[in-house]
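Asks: Based on these hints, arrange chain B on the given structure of chain A.
Respectively, the protein sequence lines represent chains A and B.
With my numbering, the residue at position 115 of the first sequence is 115, and numbering never jumps.
With my numbering, the residue at position 98 of the second sequence is 1098, and numbering never jumps.
Just so you know, these hints were derived from the structure itself, not from any lab.
Here the structure is a predicted model, which means the values were calculated and not measured.
Backbone N, C-alpha and C fix where the C-beta goes; we use that ideal spot for every residue, glycine too.
Don't take every hint at face value.
[What the hints assert, rightly or not] Counterexamples of contact, computed for chain A against chain B with all Cβ distances above 10 Å:
id, residue
1, Phe-66
2, Glu-86
3, Ser-95
4, Leu-102
5, Gln-106
6, Ala-146
7, Pro-147
8, Thr-156
9, Leu-195
10, Glu-198
[As the list claims (entries may be wrong)] Partial list, derived from the structure: chain B residues whose beta carbon lies under 10 Å from chain A:
id, residue
11, Tyr-1068
12, Ile-1081
13, Thr-1110
14, Arg-1118
15, Asp-1121
16, Tyr-1210
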Amino acid sequence: MYPHSPQMALAGLLVAAMAAGCEQDMADQPRYEPLEASDFFANGMASRPLVEGTVARGHLRTDTAFFEGTADGEPVAEFPLSTVAEKLGVEGNESQQLEHVLTRGQQRFDIFCAPCHDRVGSGNGMAVQRGFPAPPSLELTRLREAPVGHFYDVITRGFGRMPSYASQVPPADRWAIVAYVRALQLSQHAAADDLPAEDRDKLPKGDAAP
Amino acid sequence: MPQVFHPSMNTISRVTIFGAVLIVAGLLAVVFTIVRSPYITEVNVVREQPVPFSHQHHVGDVGLDCRYCHTSVEDSSFAGIPPTATCMNCHSQLFADSEMLEPVRESYRTGTPLEWTRVSDVPDFVYFNHSVHVRKGVACVTCHGDVAKMPLMWREHTLFMQWCLDCHWHPEQYVGSPQAVFASGSSGDRQRVAEDLSAVVEVESQTSCYTCHR
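For reference, chain A alone in the conformation it holds in the complex (with noise of 0.2 Å):
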């Protein structure tokens, strides 16, 4: 259809105007994006920290085994196994928990403890290498003998020099780890007969066990 009239052609401008203003207002909308910036709160952040002590529904923290590592103030002893796995959305009979655990534990520790503990706990990692003090080897017998809510304890909120880890790993996974970290800790200190048989038989023939 032509425009019949300047009025007609002026209101298909218009129109044509309009839609290009829209056009902008679409893409960039009157919401905030996740981190975006906002003039309206002090610090410029639109994402608010939650107020001191909110509690979202059903997730308050009454098993402090769990989410606290202690039980009566001292540092639990036993793997909640059956709550991790739960958290994780593992099923299946233990063993295969375990397995699972094990796997996503070794995944985390990988991501975020390897930087400075190195992927055996060693406790060369890159960072180190750059210049953090360098932390103690996982392997210390006073390590080994720490019970494993220490090591969660250590994650959540950190020792001396190393940083707490509670807002980038959430419990479950803090858990996970630590279950890694055990592991590791036997995988240093097996001895060759404590190895299912057909894995005995992968080892260099000859040698004590490494």
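Replies: For chain B alone, coordinates are given in the frame of chain A:
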């Protein structure tokens, strides 16, 4: 009746007719080049940042995993930009008096967040979600390029609808093993397991408008 047009008009008319075609084509070409140019697409434009944060150093040299900083990329739509506290995990001790890191320390002291400049951004009328792509084995390199080689961040692809659709039509050609999602290196180097992958994860071709405009 006298001649209205001089014979030279023949040439002039030809020139104007073909010239007009050329000019229109030329104009179209110019518009097209502008639309596809870095000026509009922002591809390969290096962004100024408050701190010259280098993925090349932290990912390429130090070997940090993406998830150390972009913690929510596996579980939410948004990959997340690390808070200042994450930088201070290391930089409270490392390069603790580096000139370059002063804005980071100041932000940590005052609680005012660092204002990073967005590099990848789709318009608000588009719904994008990282977690589904990561779960299905689309690697970060496929969409963001090899950040381990980027001293400063730039946009590797246009993020236009055409670009999304090129993959959404044939997603099976772009998915890899879940282990390779966070690895760096060109997408060609990545382990392509498309054939036996179909058994592991199912990818569908999702091209209905509602997938991305909801």
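Asks: Now tell me, hint by hint, if it's right for this structure.
Replies: Now the hints, each set against the structure:
no., hint, verdict
1, Phe-66, "20 Å, holds"
2, Glu-86, "17 Å, holds"
3, Ser-95, "23 Å, holds"
4, Leu-102, "16 Å, holds"
5, Gln-106, "12 Å, holds"
6, Ala-146, "23 Å, holds"
7, Pro-147, "25 Å, holds"
8, Thr-156, "14 Å, holds"
9, Leu-195, "26 Å, holds"
10, Glu-198, "25 Å, holds"
11, Tyr-1068, "6 Å, holds"
12, Ile-1081, "6 Å, holds"
13, Thr-1110, "8 Å, holds"
14, Arg-1118, "9 Å, holds"
15, Asp-1121, "8 Å, holds"
16, Tyr-1210, "16 Å, violated"
Checked against the numbered hints listed earlier, the structure breaks hint 16 alone; every other hint is satisfied.
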